[in-house]
Amino acid sequence: MKKNIPLLIVLVAGLLVIFSEFIPHRPFSMITETLENWFMIISGFAMLLGQISLIQVNSAKVRNKDENWVYYLIGLISFAVMLITGLLWGMDKTAGILGHGEGIKTWLGLKPFDYLFENVYQHLSATMFSLLAFFIASAAYRAFIIRSFESNLLMITAVIVILGRSSFGAMLTGWLPDSLSWLHLPKLTDFIMEFPNSAAQRAIMISAGLGVIGSSLRIILGIERSYLGSDE
Amino acid sequence: MLLLFGAFCSLTAGNTTLNVSDVPHDAGDALLIKWNLPAAYKDLTLAKADSAGIWQELNLSQEPVGEFTDTDLAPNQEYRYRLTAISSSDTVSFIKNGIPTEQWFYLKKMSFLIFLLVISFAILFYIWLAKQGKDLFIRRINGLDSMEEAIGRATEKGKPILFVPGLADLDDIQTIAALTILSHLARKSAEYDTDLIVPCRSSMVLSTAREIVKEAYQSANKADSYKEQSVFYLTDDQFGYVAGIDGIMVREQPAANFFLGTFWAESLILTETGFGTGAIQTAGTAQAHQLPFFIVSCDYTLIGEELFAASAYLSKDAQQLGSLKGHDFGKLLIILLILIGVVMEISGLHWFTNFFSPEL
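In the order they appear, the protein sequences are chains A and B. Quick note on the working numbering: the first sequence kicks off at 324 and runs consecutively. Quick note on the working numbering: the second sequence kicks off at 43 and runs consecutively.
Note that these hints are calculated values from the structure, not bench results. Note that this is a predicted model, so its numbers are computed, not measured. Mixed in with the good hints there might be a few duds.
Claimed, not checked - The list that follows gives simulated cross-link-like pairs (lysine to any residue, SDA-like), each with its CA atoms no further than 25 Å apart:
1) A:Lys-325 with B:Ala-265
2) B:Lys-269 with A:Gly-398
3) B:Lys-373 with A:Ile-378
4) B:Lys-151 with B:Ala-307
5) B:Lys-269 with A:Asn-381
6) A:Lys-325 with A:Asn-381
Isolated chain A, as found in the complex:
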């Protein structure tokens, strides 16, 4: 019974969503939207679970004085500061318990929550994202080391695309006569991106689409049950 009821719910919900994709008449036309709304409501309540987990995990590490426990303490303090400032003075145009906090807003220029968001969070987030540039360089270096025919091909293609996307590439081949214009690096780059690259990406997307059909069918029919915890 513990497994059968969820399986039945999955079967009915799955079939309804499939039907609603092909039947535009009510009530089928509203099913997907209704289910999405239900999901939003449930995930709204589930947010509390996340916050509880965050506090439990971090406070346990601080309490046990685990290695690097100070970081977990900073995490908890940051969480509390954002929560308290948001609750007391609100954010953007939303008022908090103490209203809009005009006094503190005059001093900081923004509400405390917005001030921290703009001046701390945004910068930390941008810092993480900007790491990507360095990681791309290190990953590309490894990928472009010529070891085999494939990696050779990859490196040549990458060099053409990198040059073709820069003004230097256009300058390098700008002198070519019209009869050889197809060798112009930006044109070669466009060709690579538009044809071989798109073809490969579409092949991946088509096979992923087939995987989604198969996976969904296995789940709807109850053949695949591991998402319920175990296969039995």
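Here the structure of chain A is known, so what remains is to put chain B in place on it, guided by the hints.
Okay, now just chain B, sitting in the frame of chain A:
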């Protein structure tokens, strides 16, 4: 003059110069407005009466013969349209009403339905064949075969295993696929007594992952070894989540990292950090743009379909493996359709590609 203009309007409103009709086989949310005027009329204005009866202009091409589809309408409600056209000598105006009606079938999605039915029947057929005991060949997937090796290595080194179920919520099929793999991985890690770390980005994924890991430990008769705190919530923020996982990789030094599910710009930040720690890395996603990043920085990558096939492959269950054969049939069918489409297009016959690529 005004009287004459009004009389002209009422006179011409009844003919077919302006035609408003329901878009067939849809959800009753669109009307098709067609007009056919002499070439002399250049300046055209189409307007729709709002609930107060005030005319609101719609964007329109200035061609004397054309059509416009008004969308986002409420079904079974009457709408009134006015077309005004100006030529060098006169101005004409036409008014017509239309009612969008709901239909019981999206005819434009017929090709999707046929394709879905054929693929589904093929998958069911191969599942039936597998049930009958027929031995079906399934190609090896290295990324999944290596899972046990990665867990074994973590056990030998006494280090934990890190499993990242992607950044999407539970309404994404890739997250579901990742969680089905987590079930197998958790059971193996329970059998080997190796710690498992599962940081989650969404609370829904957290509660599901906790249940899955707990059940897996129970089914491996290691319920006592299950630690609820090993599956935890980090943050909903994309780069905050990445920073948290990077921190875990650097501090805990997991021997095996699994990145399975939906990933966006953060994919390379995660896997390059993992590469730096020397962990065996397995990644899998159907996000075509992130796959190159995973391929260069991970030891094994599940490409697109392989992510969805993983659970069936790992289960070694004949029925589930049979369904994978259905995927192969689907691929063969698509290759055939593409070839037929190419031949038809070269031959100047466009109905075939139009049937499979309808404007929705």
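Checked hints:
1. For the proposed pair Lys-325 (chain A) and Ala-265 (chain B), the alpha carbon gap of about 18 Å is at most 25 Å, so the pair holds.
2. Under the criterion of a C-alpha separation no larger than 25 Å, the hint pairing Lys-269 (chain B) with Gly-398 (chain A) is consistent with the structure, at around 22 Å.
3. For the hint linking Lys-373 (chain B) to Ile-378 (chain A), the alpha-carbon distance of about 48 Å lies beyond 25 Å, and the restraint is violated.
4. With a C-alpha separation of about 33 Å, the suggested pair Lys-151 (chain B) and Ala-307 (chain B) falls outside the 25 Å cut-off, and the hint is violated.
5. Under the criterion of a C-alpha separation no larger than 25 Å, the hint pairing Lys-269 (chain B) with Asn-381 (chain A) is consistent with the structure, at around 15 Å.
6. Between the alpha carbons of Lys-325 (chain A) and Asn-381 (chain A) the distance comes to roughly 33 Å, so the proposed pair goes past 25 Å and is violated.
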